[in-house]
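2 protein chains.
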Amino acid sequence: MKTLLKNGFIVRVFTDEISKQDVLIEDDRIIGVGDYSDESVDSVRDMSGKFICPGLIDGHIHIESTMLLPEELAKVVVPHGTTAIVADPHEIANVCGTEGIEYMLKASEGLPMDVFFTASSCVPATPFDESGAVLSADDLRPLYDNPRVLGLAEMMNYPGVLAGDPDILAKIKDAKKAGKVVDGHAPLLSGKNLDRYVAAGVNSDHECSNNKEALEKLNAGQYIMIREGTAAKNLANLKMLFEYPYNYRCLLVTDDCHPTDLLNAGHIDHIIRLASSLGINPVIAIRMASLQAAQYFRIPDTGAVAPGYIANLTIVDELKKFHVTDVYSHGKLVLRNGKLAEFEAPKVPMELKKMVRESFHVEKLTRDDFVLDEENGLCRVIGLVPGQILTKELHEEIFFDRNSGIDVSRDILKLAVIERHKGTGHKGIGFIKGIGMKEGAIASSVSHDSHNIIVIGTNDKDMAFAANRIIEMGGGNVVVKGEKDIARMALPIAGLMSDFSAKDTAGFNARVRNAVYELGTSMDVEPFMNMAFLSLPVIPALKMSTEGLVDVAKFERVSLKV
Amino acid sequence: MKTLLKNGFIVRVFTDEISKQDVLIEDDRIIGVGDYSDESVDSVRDMSGKFICPGLIDGHIHIESTMLLPEELAKVVVPHGTTAIVADPHEIANVCGTEGIEYMLKASEGLPMDVFFTASSCVPATPFDESGAVLSADDLRPLYDNPRVLGLAEMMNYPGVLAGDPDILAKIKDAKKAGKVVDGHAPLLSGKNLDRYVAAGVNSDHECSNNKEALEKLNAGQYIMIREGTAAKNLANLKMLFEYPYNYRCLLVTDDCHPTDLLNAGHIDHIIRLASSLGINPVIAIRMASLQAAQYFRIPDTGAVAPGYIANLTIVDELKKFHVTDVYSHGKLVLRNGKLAEFEAPKVPMELKKMVRESFHVEKLTRDDFVLDEENGLCRVIGLVPGQILTKELHEEIFFDRNSGIDVSRDILKLAVIERHKGTGHKGIGFIKGIGMKEGAIASSVSHDSHNIIVIGTNDKDMAFAANRIIEMGGGNVVVKGEKDIARMALPIAGLMSDFSAKDTAGFNARVRNAVYELGTSMDVEPFMNMAFLSLPVIPALKMSTEGLVDVAKFERVSLKV
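Here the protein sequences line up with chains A and B, keeping their order. Position one of the first sequence corresponds to residue 1 (the numbering used here), numbered consecutively onward. Position one of the second sequence corresponds to residue 1 (the numbering used here), numbered consecutively onward.
The hints are simulated quantities; they were obtained by calculation from the structure and are not laboratory data. Heads up, a few of these hints could be off.
[As the list claims (entries may be wrong)] Only pairs whose alpha carbons sit at most 20 Å apart, straight line, appear in this in silico SDA-like list of lysine to any residue:
hint, chain 1, residue 1, chain 2, residue 2
1, A, K239, B, Y244
2, A, K106, A, Y144
3, A, K177, B, P147
4, A, K192, B, K2
5, A, K180, B, T15
6, A, K192, B, Y144
7, A, K177, B, Q295
8, A, K180, B, M350
9, B, K212, A, G34
10, A, K192, B, Y517
11, A, K173, B, P147
12, A, K177, B, N146
13, B, K180, A, G34
14, A, K20, B, K192
15, B, K2, A, R196
16, A, K176, B, V41
17, A, K176, B, M240
18, A, K176, B, N146
19, A, K176, B, R298
20, B, K484, B, K433
21, B, K192, A, D42
22, A, K192, B, R29
23, A, K180, B, R298
24, B, K176, A, N146
25, A, K212, B, N146
26, A, K20, B, K212
27, B, K180, A, D301
28, B, K180, A, P300
29, A, K192, B, R298
30, A, K192, B, K212
31, A, K173, B, K212
32, B, K176, A, P300
33, B, K6, A, D301
34, B, K6, A, N193
35, A, K177, B, D28
Since we're looking at a predicted model, the values are computed, not measured.
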């Protein structure tokens with residue numbers, strides 16, 4: 001089966017040139033780029049005036065952050081020109097272990113884009129985390145037999161690397177031995193520690209927030225992934241990296257993206273538009289999002305419009321506006337004039353499907369579960385910082401004899417993290433200032449990185465009700481007032497993902513968010529996103545685990561009472 | 001074992017920058033680049049004022065063309081800053097098959113530079129060649145298990161690729177399957193044929209002689225090896241490739257280098273100096289000869305001065321003059337202030353040593369073996385073109401009844417190619433114009449690509465004597481006059497390599513060459529080099545095989561008589 005794309009402007013990533021040429025495709029491959037007007041083919045498409053680019057690759061994304069199943073994610077990003085993503089299934093791995101990764105592999109097979117994975121390196125993220133699974137080097141090793149697994153995922157545990165933790169070094173060694181890459185994650189790591197981290201075998205970083213940091217990491221030999229997602233936006237600060245010679249060692253990634261942003265702003269195409277708007281040559285941005293990504297991840301025959309390459313093509317009307325009209329995936333026209341071709345849903349074995357949908361192993365809760373048997377006194381309280389995921393440690397007088405310690409007038413609400421994977425009965429209960437709810441409670445099963453049940457409330461009754469709604473739904477977000485849920489969003493797949501479309505998921509997401517604002521929270525706060533990070537004990541200062549407060553700087557548990 | 005190189009200027013190939021820094025080496029690895037002045041180490045060397053570059057890599061060389069054993073080659077190129085070469089053992093493979101390749105692997109183990117190989121793809125080069133071995137895909141496949149074998153060597157048989165020859169496609173496929181590269185060789189191939197050749201999986205080209213050709217091949221996805229050796233000098237014509245963005249897809253190679261040039265001009269360091277003299281930033285040339293080569297050939301952790309990289313370092317006084325003072329190979333100081341450290345000779349198993357030294361399987365010859373039983377008449381005569389390896393087809397009246405057809409007055413000498421591998425008794429005899437010898441005969445066992453015995457003479461007696469001297473020496477070059485050898489050079493290893501040092505070999509080489517000039521040959525002619533290509537039936541127009549003349553353009557045998 002031969003297809004001829006005639007007279008398009010070809011974006012040639014080996015020379016950063018554009019030339020008017022035909023592209024000849026046979027089955028899944030490009031077999032010629034040049035004058036093929038006299039070639040006998042099965043179909044011809046006139047591409048006059050269009051720009052034919054290599055398909056776009058997101059080098060680092062957490063699918064779970066989009067709250068979408070891979071097939072629903074494909075439906076939203078393929079129309080934006082994405083032909084491949086490299087996903088770290090870190091969240092589902094924390095809930096379901098390697099079976100969760102297996103589920104993601106199956107649930108992303110045969111989509112109109114390539115879904116590659118990296119093996120989640122830090123499950124759980126810290127010893128304070130009570131996750132659904134603990135993944136050792138032995139657990140990860142077999143994953144590398146799958147050609148869709150391209151490496152070890154972001155090695156966040158850089159203290160472990162520097163300390164020479166044997167299991168961590170084994171994870172890195174195994175990836176190298178299998179010929180795979182090792183992604184890094186080490187914000188602001190510098191000097192000798194950076195050298196040691198890199199020398200241990202960590203090939204990339206996606207946490208750079210300024211040029212100085214990026215230059216040091218480039219010189220140390222790391223590839224830099226320029227990140228522009230919903231949560232973290234680094235492009236404007238890293239504009240220099242689009243220049244020669246830096247751009248040859250840089251990729252474009254989103255890391256964490258919400259469905260609303262994917263629908264409204266776009267995906268990698270959005271990053272290319274943003275770069276263009278800053279005066280960057282779009283051809284270079286396109287190369288970084290295609291050839292550079294494929295080379296870094298060693299994806300064979302991918303990332304260019306050239307003979308022998310897989311026919312993954314993103315076709316746009318114009319380079320700066322980068323409006324995607326057509327997409328080819330492995331030689332198949334999967335987007336035609338903006339319309340996505342139908343595709344079969346991936347076939348996931350029933351036992352995997354069942355397993356990820358039955359991820360809650362926890363008893364129903366009562367209001368008594370939220371009561372603390374403490375004397376009145378000075379307590380450590382988590383201080384929310386709007387727009388950030390780090391927190392402050394506050395010291396506040398808590399009156400346990402009045403409304404169970406909660407004081408809405410001072411914005412001191414109760415926070416609970418309830419273990420939900422193994423029925424250990426562990427729960428961490430404390431206080432948070434800065435959410436601003438005047439009534440009710442909110443709960444979620446999205447709470448990094450272990451994804452236990454996290455609840456914030458103005459009273460114990462609503463907190464118990466909210467937590468129980470999460471259990472009943474098998475995961476999700478809920479907003480409760482007077483023991484009624486006023487808004488909810490089910491995330492039944494591992495408590496992380498919806499089974500709705502991007503549009504519906506974005507709609508539900510907006511609804512639960514707005515419902516929190518109705519309870520009095522200020523719109524400076526992103527309630528569910530902020531809450532989701534209150535349990536992540538790798539970001540300072542004070543966080544809540546299933547066994548109580550953690551002082552992140554000291555990397556130790558601390559008591560509620562000061 | 002930790003070594004600290006203090007205060008050097010580091011050539012940083014990830015950013016094309018130079019910065020003053022310390023380099024910390026532990027065992028065979030670089031573990032830090034930065035301020036390590038307070039580090040406790042086993043030895044410290046002050047590098048103030050020196051430039052520390054990644055070790056230089058020659059991406060394509062035929063060791064046999066240097067006429068040196070790998071250990072003697074190392075002695076001459078390591079002092080020029082070479083820390084790795086990628087050799088195609090094409091010549092010895094034509095004589096000794098995979099055992100010849102095995103010999104080269106053993107004979108290059110443990111040297112103070114890395115010697116990598118590619119598996120010779122075209123043995124023999126054509127069906128007209130009567131070589132010592134025929135290497136099929138099945139023969140080459142096991143070579144890829146050796147991590148020092150990096151790919152399939154230059155695929156010269158592009159007609160075979162385009163015609164879809166199954167054994168050739170299998171060779172390419174096997175290399176890819178093993179995760180290795182496929183080197184190309186397709187001078188001036190262009191358009192649809194280039195696309196098909198590249199789409200078949202050929203990753204590079206080292207035959208580009210102009211920018212237009214190089215740009216087309218770059219756009220087709222090939223890496224370009226800029227060649228500057230003894231035989232072919234392409235750098236000046238390809239100066240553009242040192243610019244951004246082209247330099248990211250280009251390497252520096254020598255292909256064929258004579259020992260005299262290695263001694264006098266240098267190796268890859270010479271190419272860097274030459275580039276600098278043309279106004280090219282030496283940092284870019286250094287990167288092309290280090291990081292780019294290592295990336296193309298997928299040599300792990302090689303090609304940069306960065307943490308985790310193998311400590312292969314080339315240290316120079318100054319970048320433009322690029323005078324090498326010190327070299328580290330795998331963390332060992334192998335060149336110190338210009339003085340090469342002694343090293344143990346590689347241990348080669350006796351049976352391999354014996355095999356390559358007993359490569360002649362041919363009976364002694366007599367003058368009668370050179371007599372042609374023909375009537376006088378118009379004959380095809382090979383016309384030499386001074387300074388080139390292509391020839392012309394001339395038509396000349398040959399008088400077989402006078403001096404056996406030879407006519408010194410018209411410069412029509414006799415040319416013979418005598419099969420010497422398997423005792424087939426085949427010989428091709430004809431005539432050549434342009435050598436200019438007035439008396440005597442010359443013979444050699446270096447005759448591309450099959451390396452049979454090639455003889456040119458002014459009389460049959462001296463030709464027989466010369467051929468027999470080659471057999472007696474087990475290979476070499478000889479100059480004969482009046483049935484005495486007036487100069488000779490033994491090449492007893494497969495009839496291709498000397499067991500002397502570079503200096504001695506260069507000396508012998510000069511002596512045999514000058515002896516030919518004493519016989520009347522003009523100094524426009526490089527007698528042994530020119531003669532060596534008269535048997536290569538891939539370069540037009542008329543060549544001599546062991547079974548007679550070959551019309552290269554028609555790719556068929558032709559008779560002596562017109």
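| said: Check whether the Cα positions of K6 (chain B) and N193 (chain A) lie no farther apart than 20 Å. | reply: Judged against 20 Å, a Cα distance of about 19 Å means the pair holds.
| said: Next pair to validate is K180 (chain A) with R298 (chain B); report whether the Cα-Cα distance is within 20 Å. | reply: holds (12 Å)
| Hint consistency between K192 (chain A) and R298 (chain B) [alpha-carbon to alpha-carbon, up to 20 Å] | With a Cα-Cα distance of about 27 Å, the restraint between K192 (chain A) and R298 (chain B) is violated, given a limit of 20 Å.
| query | Given the hinted pair K212 (chain B) and G34 (chain A), is their alpha-carbon gap at most 20 Å? | reply | holds (15 Å)
| said: Would the hint linking K192 (chain B) and D42 (chain A) be met if the CA-CA limit is 20 Å? | reply: holds (18 Å)
| message | Need the status of pair K192 (chain A), R29 (chain B): alpha-carbon distance at most 20 Å? | response | holds (15 Å)
| Agreement of K192 (chain A) and Y144 (chain B) with the hint, judged by alpha carbon distance not exceeding 20 Å | violated (38 Å)
| task | Compare the distance between the alpha carbons of K20 (chain A) and K192 (chain B) with 20 Å, and conclude whether the hinted pair is satisfied. | result | holds (16 Å)
| task | Compare the distance between the alpha carbons of K192 (chain A) and Y517 (chain B) with 20 Å, and conclude whether the hinted pair is satisfied. | result | Distance ~63 Å between K192 (chain A) and Y517 (chain B) Cα, so the pair is violated.
| Are the Cα positions of K176 (chain A) and R298 (chain B) separated by 20 Å at most? | holds (13 Å)
| query | Is the straight-line distance between the alpha-carbon of K239 (chain A) and that of Y244 (chain B) 20 Å or less? | reply | At roughly 18 Å apart (the allowed maximum being 20 Å), Y244 (chain B) and K239 (chain A) satisfy the hint.
| message | Run the distance test for K2 (chain B) versus R196 (chain A): straight-line Cα separation, threshold 20 Å. | response | holds (14 Å)
Taken one by one, the earlier hints fail for this structure at numbers 5, 6, 8, 10, 13, 16, 17, 20, 25, 29, 30, 31, 33, listed in ascending order.
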